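Undergrad: Here are the chains, one letter per residue:
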Amino acid sequence: MREVAIIGVGMHKFGKFPNESLKDLGRVAVWNAIHDANIEAHDIQTAYVGNAGAGLLTGQECVRGQVILNDACIFSVPVTNVEGACASGLIALREAWIAVGSGMYDVALALGVEKMYIDDTAKVLQVLGAGTDMESVGSIGYQFSGGYAQGIQQNMRRYGWTREDLALVAVKNKYNGARNPYAQFQKETTVEEVLNSRVVAYPVTIFMTAPIGDGAAAAIICPKEMASKFTSKPPIIIKAMAMHSPGFRDYRLPPREPDTTKREVSSLSAREAYETVGIGPDDVELAEVHDAMTPAELSTYASLGFCKPGEGNILVREGRTSLTGDIPVNTSGGLSARGHPIGATGLAQAAEIVWQLRGEAGPRQIPGKSGKGPRIGLIENNGGTVGSGAAVSTVSIFMRD
Amino acid sequence: MKEGLFHIPDSSTDEAYLIGSKCRVCGYVAFPKKVICPACVRDDTMEEAPIGKKANIASFALMGQAPKGFTAPYFQAMVRLEEGITIATTLTDCELKEDAVEMGQPVELVITKIKVDDQGNDIIAWKYRPLTKK
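Going line by line, the protein sequences match chains A and B.
Heads up, the first sequence is in the working numbering, so the first residue is 398 and it goes up one at a time.
Heads up, the second sequence is in the working numbering, so the first residue is 37 and it goes up one at a time.
Calculated from the structure, these hints are not laboratory results.
Given the structure is predicted, the values throughout are model-derived calculations rather than measurements.
Built from N, CA and C at the ideal position, the CB exists for glycine as well.
Accuracy of the hints is not assured; some may be wrong.
Said to hold, decoys possible - Quick list of simulated restraints, FRET-style, between CB atoms:
1. B:Ser47 to A:Gln551: 36 to 44 Å
2. B:Asn157 to A:Gly677: 49 to 57 Å
3. A:Gln551 to B:Pro68: 23 to 31 Å
4. B:Asn157 to A:Arg399: 29 to 37 Å
5. A:Gln551 to B:Glu39: 30 to 38 Å
6. B:Pro68 to A:Asp798: 16 to 24 Å
7. B:Pro109 to A:Pro760: 39 to 47 Å
8. A:Gln551 to B:Glu118: 16 to 24 Å
9. A:Glu561 to B:Glu134: 16 to 24 Å
10. A:Ser642 to B:Glu134: 47 to 55 Å
11. A:Glu561 to B:Ser47: 52 to 60 Å
12. A:Ile495 to B:Glu118: 41 to 49 Å
Excised from the complex, chain B in its bound form (with noise of 0.2 Å):
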């Protein structure tokens, strides 16, 4: 993966985050980080920002095959994230089950291996862990 895309935490009290943008004029945020704003088509208003740590589930789909480097069966999701927009993602942590997970169920990024590459090595990015259901 690219670096400048997400934030590893490095230490215990260290918390891990997707590296996005927000416009300081009408307040979008994009992820990944932007330099134009596509709200005010502007390039001077977008400053890096710290955002989705909490989730929750818009929709999903418990794949029944993988593409190269992953493993089926595995939940593809959108998410949308506390700041408001909605991302793709994969979830971790939970049965891989239809109804293991539901839509509006919270959920926080876990920065952590999901795939691997064609070379054998482990590719770290983000996931989402599903908590309690609502």
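One chain only, chain A, in its complex shape (with noise of 0.2 Å):
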């Protein structure tokens, strides 16, 4: 594998956009990563887009990224679909990394887009079920924010967690998200408001989840010795991007207990990303997670091993993953903040980790360790349920060069 670089990176803000298609989120965020790579289209040499929901949600199920990339006018390359729930941004990244460090490709383009709002929170929620076994889970009622809810309930019993815990972390993410121009949600919010907005399934209220939304995010990658021919931007290399289907595990094994007399990574992704760059947990200066639910924040710094397992609150509490904080997590404003279009939320994660890493990030700029700007980004990233776990869990790290 030759080391790849991202030189552009490129959105269309997320949020409710009646009057705009797939082809018009998709060619904006696909054009302002164009001029952030400071390439000309056709340099472009081959393409992987990202989307979830578009066949059932608007009925475009066939020949998505060919019909978006035709109205962006990519022309005459190879472009490849993916899913993969809500990491479909992230799969189509993923890929085109893959395709530049073959050697078989110089410049790819990956584009995350989805179009959600479609006026009808019904359907919408029905699609989303279909981010599971639709013949035993998806079909019979289950939903995400449940599944969530009930992890959270278990932990709160487990590790003494508190609904102000919970609300904190909304707290956080919207605070941060007031801080980007591209955040569907750019307002604060308090843990009173927090905890006194709807209910949506116990203890998880409407402010903690991630809204329904439209929205883009593009990402142009090449060879890191390639990237100074295009830009004089600071190439930001792809060091690991991890990817597992858990799937099967038998529930006669005994429960997973977590490992609490050491600092565990818990995550299969997280452990093979850190032992791909040889880096581990403390090393990382930020993260974007995967906040479908802001409380299941707190499980997943266990999971990329920023603490110990249950003591996630703590982090939250002393404000570690604030932007002020040692290892600051979400400073884009995370899926409750940011927005959630499903496909489009892996490559708005890989954005913002860019953003950060070039030191483009405006008012959410966080210094890193070194007080000169952060070198090393994290981002985590799953999609769908399917047997005892994620149907893609993916953990990614990036370097500033």
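Please assemble the complex out of the two chains, which come individually in their own frames, going by the hints.
TA: Encoded structure:
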């Protein structure tokens, strides 16, 4: 594998855009990335497009990427559509990374795009259920918000997390989102406001959930050595993109007991990503994580090794994951504030890490461990539920060269 | 719903059950039924088995909003079948308030209407009915 650099990222603002189509959303993100990378559209040699729900939500079941990229005037390149529910965007980037890393192509585009706002919440909730096995889970009333709620309840009982702890994550992420011009929600909130908002599935309130929305995000990558040919911006190297579909776990085995004796990285993808790069959780300077329900962040901290299992609430109470903390998490606002047009989320997370590592994150820019801007960022993005866990689990590590 | 997921009782003495499978070598139970045993990873050991008549609540959430075809509020739950596996379900015949059910509470299988499809037809599948609290 050659070392591969992200040389451009671009987004279409996340939000509700009844008058914009999949094509409009995708085109804006792609061309923002083209301008950011300082390339010409015809420099792109291959493209991967991540989307999850367009078939059910808009009727564009087939050739989604081809329709969008033809409108964006990205002609005569192989266009590959990928899908992995909420992880579709990062899967697109991972495929592009492999294509360039292998030497097959030099310049690749990855796009994540989703058009979710159709003014019919019940229909969208039905479609979200398709991120599971439809035969036995998705069609019988299972909702992800309820699945998350059940896990969070368990952690509250096991570890003594309070409702205030859960709300603090939402307050932190809404604070960050208020400093992100691409975020769907750009308004700060308070613990009281979060706890008093409508209950979606106890203990999850509406202020703790990712909203329904539209959006797109894109990245352009090339071999590290070629980056300076296009752009004077620091190339952001993709050091690792670990991905697993965990699936089967035998119910007869004893339940997983978290190891509380040492700092344990409990996610398979995280462990693999750290090993690939040769770093540990202490080296990470910021992370974008998949907080479809914000309190899930508290257990993700442990999965990624930022704290011991069950101690995520201490991190957020002490402000360690805030913009001014030692390991800021979801500086973009995360899924609940930046928004979660599901197929676009992974690439929006990637865009945020790129902006932070370049020092371009404006009012939410973090200083990093050196005080001169962060060098190492991590992304956790997952999608769907199959068997005993996420259908797709990804952890990626980017590094400023 | 696809056929072959559950049995609808056809007389007053007949009982509802879920149609799962059990590995005759290692005893692994699956629902919906599987051809390949995920523990043995071989394709000649799974046999159809009636399961899921009794279970207990592993976790639950009272849902404040519903997907198309369902009506909120309703209980979404994971129930542990007496055969050992945990499956996704909704609850029926219980009060729709947070403390109406508890973890570990025994439940029994009911094959009944779970939702209305896009054409307005009733869709029949499994739900679980809470029994006396433990």
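Undergrad: For every hint, state whether the structure bears it out.
TA: Outcome of the hint check:
1. Judged by the Cβ atoms, the range 36 to 44 Å given for serine 47 of chain B and glutamine 551 of chain A holds: they are separated by roughly 41 Å.
2. Range check, asparagine 157 of chain B to glycine 677 of chain A: Cβ separation about 55 Å, and the 49 to 57 Å hint holds.
3. The hinted range of 23 to 31 Å is satisfied by glutamine 551 of chain A and proline 68 of chain B, whose Cβ atoms lie roughly 25 Å apart.
4. The hinted window of 29 to 37 Å between asparagine 157 of chain B and arginine 399 of chain A is violated, with their beta carbons roughly 55 Å apart.
5. Between glutamine 551 of chain A and glutamate 39 of chain B the beta carbon distance is about 35 Å. The supplied range of 30 to 38 Å therefore holds.
6. Between proline 68 of chain B and aspartate 798 of chain A the C-beta distance comes to about 50 Å, which lies outside the given range of 16 to 24 Å.
7. The hinted window of 39 to 47 Å between proline 109 of chain B and proline 760 of chain A holds, with their beta carbons roughly 40 Å apart.
8. The beta-carbon spacing between glutamine 551 of chain A and glutamate 118 of chain B, approximately 22 Å, falls within the hinted interval of 16 to 24 Å.
9. At about 18 Å, the CB distance of glutamate 561 of chain A to glutamate 134 of chain B agrees with the hint of 16 to 24 Å.
10. Separated by about 34 Å at the C-beta atoms, serine 642 of chain A and glutamate 134 of chain B break the suggested range of 47 to 55 Å.
11. In this structure, glutamate 561 of chain A and serine 47 of chain B meet the distance hint of 52 to 60 Å, their C-beta atoms being roughly 55 Å apart.
12. Checked against the hint of 41 to 49 Å, the C-beta distance between isoleucine 495 of chain A and glutamate 118 of chain B comes to roughly 46 Å, which is consistent with it.
In this structure, the hints that do not hold are numbers 4, 6, 10, in rising order.
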